[in-house]
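J.: This is what each chain is made of:
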Amino acid sequence: MTAVPGETATAGGATADGAATVRDATAVEDTAAVEDTTAVRDATAADGATDVMDDAPATAAEPAEHAVLGQPMDAREDPRLLRGEATYVADIDLPGTAHMAILGSPVAHAKLLSIDTKAAEQMPGVLKVATAADFTDVMPLPCIWIPGGVESHFPPHPYGLPGARPVLTGDAVRHVGDPIAVVVAETPRQAAAALAAISVEYEPLPVVTRADAALAEGAPQLHEAVPGNLNAYWTCGDKDRTDAAIAGAEVTVELDLVNQRTINSPIEPRGAVGDYDATTGEYTLYATTQGPHNHRFLLSALVLGIPFNKLRVIAPTVGGSFGTKGYLYPDMALVLLLSKALGRPVKWVDTRTGLMNSTVQGRDHRQHVTLAGTRDGRITAVRCTSYANLGAYPSTIGPGVATALMGRSITGMYAVDAAFCEVYAAFTNTVSLGAQRGSGRAEAAFLMERLVDRYAGEIGMDPAEVRRRNLVPKEEFPYDNGLGWTYDSGNYLPNFDRAIELSGYAGMPARKAEARTRGKRLGVGIATYVAICGVGPSTRMSKEGMLGGTWESANIRVHPTGEVAVTVGSASTGQSHHTVFAMVAADELGIDPSQVQVYEGDTLKAPYGQGTYGSRSYSMAAPAVALTARKIKAKLVRAGAVFLGVPEDKVVYRGGAVHEDGNPANTKTFSELAMAMWYGWGLPPEIEPALDETTHFDPPDFNYPFGTHVAVVEVDELTGETEVVAYTAVDDAGNIGNPKIVDGQIEGSIVHGLGQALMEAAEYDENGVLISSDLNHYALPRAADVPFFALDRTVTPSPHNPLGAKGAGEIATVPPAAAVVNAVVDALSDLGVRHIDMPLTPEKVWRRLQGETQ
Amino acid sequence: MDLNLNLNVNGRPERFAAQPNELLVERLRDGLGLTGTKVGCDTGQCGTCVVRLDGRSVKSCLILTAAAAGSEVTTIEGVSERGGELTGLQEALRQEHGTQCGFCTPGMVMALGELVETSAGGEAPTEPEIREWLTGNLCRCTGYHSVVRGVQRACAPAAEAGVPGREG
Chain A
208 MTAVPGETAT
218 AGGATADGAA
228 TVRDATAVED
238 TAAVEDTTAV
248 RDATAADGAT
258 DVMDDAPATA
268 AEPAEHAVLG
278 QPMDAREDPR
288 LLRGEATYVA
298 DIDLPGTAHM
308 AILGSPVAHA
318 KLLSIDTKAA
328 EQMPGVLKVA
338 TAADFTDVMP
348 LPCIWIPGGV
358 ESHFPPHPYG
368 LPGARPVLTG
378 DAVRHVGDPI
388 AVVVAETPRQ
398 AAAALAAISV
408 EYEPLPVVTR
418 ADAALAEGAP
428 QLHEAVPGNL
438 NAYWTCGDKD
448 RTDAAIAGAE
458 VTVELDLVNQ
468 RTINSPIEPR
478 GAVGDYDATT
488 GEYTLYATTQ
498 GPHNHRFLLS
508 ALVLGIPFNK
518 LRVIAPTVGG
528 SFGTKGYLYP
538 DMALVLLLSK
548 ALGRPVKWVD
558 TRTGLMNSTV
568 QGRDHRQHVT
578 LAGTRDGRIT
588 AVRCTSYANL
598 GAYPSTIGPG
608 VATALMGRSI
618 TGMYAVDAAF
628 CEVYAAFTNT
638 VSLGAQRGSG
648 RAEAAFLMER
658 LVDRYAGEIG
668 MDPAEVRRRN
678 LVPKEEFPYD
688 NGLGWTYDSG
698 NYLPNFDRAI
708 ELSGYAGMPA
718 RKAEARTRGK
728 RLGVGIATYV
738 AICGVGPSTR
748 MSKEGMLGGT
758 WESANIRVHP
768 TGEVAVTVGS
778 ASTGQSHHTV
788 FAMVAADELG
798 IDPSQVQVYE
808 GDTLKAPYGQ
818 GTYGSRSYSM
828 AAPAVALTAR
838 KIKAKLVRAG
848 AVFLGVPEDK
858 VVYRGGAVHE
868 DGNPANTKTF
878 SELAMAMWYG
888 WGLPPEIEPA
898 LDETTHFDPP
908 DFNYPFGTHV
918 AVVEVDELTG
928 ETEVVAYTAV
938 DDAGNIGNPK
948 IVDGQIEGSI
958 VHGLGQALME
968 AAEYDENGVL
978 ISSDLNHYAL
988 PRAADVPFFA
998 LDRTVTPSPH
1008 NPLGAKGAGE
1018 IATVPPAAAV
1028 VNAVVDALSD
1038 LGVRHIDMPL
1048 TPEKVWRRLQ
1058 GETQ
Chain B
715 MDLNLNLNVN
725 GRPERFAAQP
735 NELLVERLRD
745 GLGLTGTKVG
755 CDTGQCGTCV
765 VRLDGRSVKS
775 CLILTAAAAG
785 SEVTTIEGVS
795 ERGGELTGLQ
805 EALRQEHGTQ
815 CGFCTPGMVM
825 ALGELVETSA
835 GGEAPTEPEI
845 REWLTGNLCR
855 CTGYHSVVRG
865 VQRACAPAAE
875 AGVPGREG
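Protein chains in written order, with the working numbering: chain A, 208 to 1061; chain B, 715 to 882.
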């Protein structure tokens, strides 16, 4: 199979039977799988991008050789990780370190009447106890994503946002875990023990934990400055047109959905080490951060009031994040302030329970959604009213996650004439809301894909057929979805058909019948998605309410020996940046990846960048690397003219060398050029010596990966237990850099999404206490909970960056929840079941099997 | 009152004074500086702290140092030399990219090491057996697939080196 440029190519282990796995060597189509893999490599090669790239802006790809990109290279990070040698924040042990513990509120809502720290100060090993009174000159933590736009905030200055979180609360507590005081002691145990000796007097206040309840008349008020608890009322789309379409529709279906609150739970808890140098007046922060530059920017001037030049932020190895470690937390400021106060490094490492009561949580929408269509399967309108729970304080970008990231995506891969989304984003007595892998986009896909199945059931049409009829046609791209996003490129039908075929969809009736003989109800669920990625075009994001640039950068420095240093502004939380960025630079420069070393994660050394979030490293930072490499090449062509003694238009750069066109014998290798540029002898004045270039990449627009997933489940009739027996995922992330790494991210993402569907829930009781505050009470998927998946991909390059790349890391978390719920509802549809709220625990499903309503 | 204890850690005798309520993971990380063993939860659920105690993989956050006294403890640092060659299991996990952020990885290597060793020379564990063995170790990045494939690769008889499925 040969890929056609611009056409969809597929790859992976195709099996006719969705229940089989792609890794099954006995699969009948294994030979085809090998051929297909080749196809992807062809498609990611030079000509793969041409069709779309013809109309692309100035950043468009020039033909490249792609000796490296697209190949499944082993991650160079892995040996160190496998030997346990990587240094995470908890492993940092600076001389003289003191240890900080945080007193979090045990109650969800109360006035603070008094705090007595005297007894704690006398406890063994205690060096300092601090409360809000110690930090009156410290600003609250800024929220930098304000739904509705930032025009009124220029120049950007996010001080004094209503409801912003102080580093320690002094007037009232607003959620369990709200930080009230800190202890610094000689050992972590001493610090923790002293917390118990702090005496706090609370005057209890009424508690509200649901967004819709928080907006009701007479609800408890969280912030004086926010009457009615409403942070934002946000809309997108055309309300009148949508209402009219729904009013006049042949068919309408409605659902009330709870997209439950979830906890990301990276396996490494958060941590921070502050180190103040009294000699230089400089602060160093080691932190679990996915955006060290961003944290430096926000913390230095905006929170601490210290010069930008005096703060260095270092992200060591970070143990997973999934969005949560991009946010500003009080502890980051506290370790710095206390290090200065004590003249010693101060270290804080969270516990799991602490993490669950302090680190941003995800999802949490209550929605009323409506879909209108024709009897013959044409979707005409979609409307969503959502109550989003922001928690007690606006997190760094939480309000944007709950509004634009969700609302502008709701129509997904479908061409819908009229759509409208409104979000009421409210404060409640819960942990602040933030990103959760696939944030916003997963919530959007869930509501749309549930609606499509409901609609299919209503008109008696196969859910796959309804979807096929409504996919945005290829010729419509770039496609304005009417909700604020313009999809860059897409070729949805082949992607959709591939997933349906690979899943063995046609054979499902027979499999259902067979399952019934074993006491199982088999169900199949489809979910498609479009995930906005590649945040972003900075100006566009400012319109979206983002207070800050969202570009990305890279520096390439060529050493005199011909070795290459690539330094990027983003910082990995497990995405194998050191491998992938080396591949990008090597590919562009025509050298071996082993010649390239990658650096990141230290603001002292790295060029500015905004960080790793929203699946943007490969579609934002990698293009910056590629464009920088092209600057190096361009300079080498100019210098090559001097070294080769020929006019510049006779110099070609190919295979890691410059050549005289038509005279291959007249050549200089990359290493020779590197040394010559280091010496700088004989260069004309217009060519500077050395090779050191930087690029700041701000794309013309976002990119929009997409895909189709199919879940096959078996529900046990006796126990209500749901088992995912087969899962097919066909994702399109444009051109892929390293399929091995992307596949790993896809697999992990799917499991994350299955977790939300089947077991994960942040449960608050009526007093606002998080019941699921440790891993005994918050279920995460384990190895035995999932089968191998059938993975495949299509390739539709993005025109918005020189690699034709789209976001990949989290995109496969977007559809699984919808696919699984659709599958379980399918399995139970003959009982009249039309919807079940997540998570689909055995008890909940069993009750429906018994005929109980939700 | 501190207890005078001894442990044999990675083949080296260690003598120290410890409080009776000290956890083994604290001794290893804070007392002996063996930070390859991680702490990921407070409740024995995540498995990042797994070490081998007299050959058996155990969660070192659930064992008092005093209870381990006199035992042979192997941590991730005792599995392969710093910067050195990988074991067969580690190499197989590397080839399958069985690690992403790496925080759960040392615990998995320690837990799976016992499975691979006990399977050596006999029948390779089945996929369900590997998954069952792994249920004590949480991973949020990989979804476990590459880890399971890594174990399959590590346990495959030499003649069948390589694991089914696509290379990409």
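Because the hints were derived from the structure by calculation, they are not lab data.
Any given hint could turn out to be false.
If you anchor each label on the Cβ, the simulated ranges turn out as follows [as the list claims (entries may be wrong)]:
hint : chain 1 : residue 1 : chain 2 : residue 2 : range
1    : B       : A781      : A       : G435      : 54 to 60 Å
2    : A       : N983      : B       : A781      : 54 to 60 Å
3    : A       : G726      : B       : G758      : 55 to 61 Å
4    : B       : G758      : A       : L320      : 34 to 40 Å
5    : A       : T876      : B       : A834      : 32 to 38 Å
6    : B       : Q733      : A       : K325      : 47 to 53 Å
7    : A       : I666      : B       : G758      : 31 to 37 Å
8    : A       : T926      : B       : A781      : 53 to 59 Å
9    : A       : E879      : B       : A834      : 34 to 40 Å
10   : B       : G758      : A       : S321      : 34 to 40 Å
11   : B       : G836      : A       : T724      : 45 to 51 Å
12   : B       : N735      : A       : P411      : 56 to 62 Å
Cβ coordinates follow ideal geometry from the N, Cα and C atoms, glycine included.
J.: So, for every hint listed, does it hold in this structure?
T.: Structure-based check of all given hints:
{"no.": "1", "hint": "B:A781 / A:G435: 54 to 60 Å", "in the structure": "56 Å, holds"}
{"no.": "2", "hint": "A:N983 / B:A781: 54 to 60 Å", "in the structure": "22 Å, violated"}
{"no.": "3", "hint": "A:G726 / B:G758: 55 to 61 Å", "in the structure": "34 Å, violated"}
{"no.": "4", "hint": "B:G758 / A:L320: 34 to 40 Å", "in the structure": "38 Å, holds"}
{"no.": "5", "hint": "A:T876 / B:A834: 32 to 38 Å", "in the structure": "48 Å, violated"}
{"no.": "6", "hint": "B:Q733 / A:K325: 47 to 53 Å", "in the structure": "26 Å, violated"}
{"no.": "7", "hint": "A:I666 / B:G758: 31 to 37 Å", "in the structure": "51 Å, violated"}
{"no.": "8", "hint": "A:T926 / B:A781: 53 to 59 Å", "in the structure": "38 Å, violated"}
{"no.": "9", "hint": "A:E879 / B:A834: 34 to 40 Å", "in the structure": "51 Å, violated"}
{"no.": "10", "hint": "B:G758 / A:S321: 34 to 40 Å", "in the structure": "38 Å, holds"}
{"no.": "11", "hint": "B:G836 / A:T724: 45 to 51 Å", "in the structure": "35 Å, violated"}
{"no.": "12", "hint": "B:N735 / A:P411: 56 to 62 Å", "in the structure": "34 Å, violated"}
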